[in-house]
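Chemist: Position chain B against the provided structure of chain A, taking the given hints into account.
Each protein sequence line maps, in turn, to chains A and B. For what it's worth, the working numbering labels the leading residue of the first sequence as 1035, then goes sequentially. For what it's worth, the working numbering labels the leading residue of the second sequence as 620, then goes sequentially.
Some clues are possibly wrong.
Unchecked claim - A few chain A residues that don't get close to chain B, going by computed Cβ distances all over 10 Å:
| hint | residue |
| --- | --- |
| 1 | Asp1086 |
| 2 | Ala1110 |
| 3 | Ile1122 |
| 4 | Asn1162 |
Said to hold, decoys possible - With beta-carbon atoms standing in for the labels, derived distance ranges:
| hint | chain 1 | residue 1 | chain 2 | residue 2 | range |
| --- | --- | --- | --- | --- | --- |
| 5 | B | Ser713 | A | Arg1169 | 53 to 59 Å |
| 6 | B | Ala666 | A | Val1103 | 25 to 31 Å |
| 7 | B | Arg755 | A | Glu1070 | 36 to 42 Å |
| 8 | B | Lys710 | A | Gln1065 | 35 to 41 Å |
| 9 | B | Asp759 | A | Gln1039 | 45 to 51 Å |
| 10 | B | Ser713 | A | Glu1140 | 44 to 50 Å |
| 11 | A | Asn1162 | B | Ala714 | 49 to 55 Å |
| 12 | A | Glu1140 | B | Asn758 | 40 to 46 Å |
| 13 | A | Glu1139 | B | Ser751 | 31 to 37 Å |
Please keep in mind that the hints were generated in silico from the structure rather than gathered at the bench. Each residue gets a CB set at the ideal place from its N, CA and C atoms; glycine is no exception.
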Amino acid sequence: MEVGQMQRRLVDYTKSLFMEGFLDAQFLQLQQLQDESNPDFVVEVVSLFFDDSEKLLNDLTMALDQPNVDFKKVDAHVHQLKGSSSSIGAQRVKNACIAFRSFCEEQNIDATLRCLQQVKQEYYLVKNKLETMLRLEQQIVAAGGSIPMIELGF
Amino acid sequence: MEVAGEVLASEFQLHVLAVDDSHVDRKVIEKLLKISSCKVTTVESGARALQFLGLDEEKGSLGFNGLKVNLIMTDYSMPGMTGYELLKKIKRSSAFREIPVVIMSSENILTRIDSCLEEGAEEFLVKPVKLSDVKRVMNDCIMRGETEGNNRRRVDKRKFEDDNHASSSSSSSSSIPSSPSSPLPSSPSTAATSSPLHSLKRAKLRDHN
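So that you can see chain A by itself, here it is in the shape it has in the complex (with noise of 0.2 Å):
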């Protein structure tokens, strides 16, 4: 595949992760700090959201699953969680998280169990969809090409 035939396709699947919901506005600003003294930016800082939301989700796990459920601590950790996803733009994890706040408030179990999933859910189809979205990136690059920059009209 040609180039210009990779820079369309990564532009289409792009456009698309924000047409979904997954990437909000968040993440153009990221990508327009990236610069050439700095060219593994939006990588860099896509990884270091990777880490910390998988270090989470398992603290997550552990704490919704004792016997006295310490929804303070529950708390803590998804707003950790809402405060990074919201840095880098992933929208729907964000919002799950938003969602899941709401129910630790009540100290709802059930509602916190489900919530636990719906945001891994939400994390693991985001972390999906970045890691393609970066090899098409990669792709282009190492074929000599440049990441094209993407503008939104809406």
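Modeler: Just chain B now, with coordinates in the frame of chain A:
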């Protein structure tokens, strides 16, 4: 370390101390600040911030690497010491109360905003922080510096001149981008300082001449 393509650092670059327990947020704020031509030091907690400032030992506002901190940007919700508590400590210290403090928070709670502003915070930014937020804060700081700190800055400038025997070229500080930087070899492990000292850059320029 590149020398040939290096841009002369502006004389007066804001040195910002960014405090956030989130690894992701530290990375993002650092980038936002570097792109806005600031020197950045990031730390993960209020306690580390106070250590960096030397607040416990009353060393004055020089951090470990001798660079004065011009602005502190801190997250509000942090384990241990919150950003609010850090703000209070800074504003109640004779050495550091003049340093502007900006609070960042993902939660847009009016009472929280009010208490921070009341304790002396310059601004309250709602996360996620964007480049436009950072640029606005920088402009406010520079304007503040123009009206207040002119005497102080002249003293700093003279100090660098004396140290390095280099004539200072005065160009407008906000338009010169900061060059890519590498961490100081002697910097402490937890505070990642991302810019070389002014004197290092001047020495290189001297070598060039």
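Chemist: Each hint should be assessed against the structure and marked as holding or not.
Modeler: Tested hints:
The Cβ of Asp1086 (chain A) sits about 6 Å from the closest Cβ of chain B, inside the 10 Å cut-off, so the non-interface label is violated. The Cβ of Ala1110 (chain A) does not lie farther than 10 Å from every Cβ of chain B; its closest approach is about 8 Å, which violates its non-interface assignment. For Ile1122 (chain A), the shortest C-beta to C-beta distance to chain B comes to about 6 Å, within the 10 Å cut-off, and the non-interface label is violated. Remark: the non-interface label on Asn1162 (chain A) is consistent with the geometry, its nearest Cβ contact in chain B lying 19 Å away (cut-off 10 Å).
Between Ser713 (chain B) and Arg1169 (chain A) the C-beta distance comes to about 55 Å, which sits within the given range of 53 to 59 Å. Our hint of 25 to 31 Å for Ala666 (chain B) and Val1103 (chain A) holds, since their Cβ atoms are close to 29 Å apart. Our hint of 36 to 42 Å for Arg755 (chain B) and Glu1070 (chain A) is violated, since their Cβ atoms are close to 26 Å apart. As the Cβ distance of Lys710 (chain B) to Gln1065 (chain A) is approximately 37 Å, the hint placing it in 35 to 41 Å holds.
For Asp759 (chain B) and Gln1039 (chain A), the Cβ-Cβ distance of about 47 Å falls inside the hinted range of 45 to 51 Å, so the restraint holds. The beta-carbon spacing between Ser713 (chain B) and Glu1140 (chain A), approximately 46 Å, falls within the hinted interval of 44 to 50 Å. About 50 Å separates the C-beta atoms of Asn1162 (chain A) and Ala714 (chain B), a value consistent with the hinted range of 49 to 55 Å. With their beta carbons about 43 Å apart, Glu1140 (chain A) and Asn758 (chain B) fall inside the hinted range of 40 to 46 Å.
Between Glu1139 (chain A) and Ser751 (chain B), the C-beta spacing of about 32 Å keeps the proposed range 31 to 37 Å intact.
Hints 1, 2, 3 and 7 from the earlier list are contradicted by this structure; the remaining hints agree with it.
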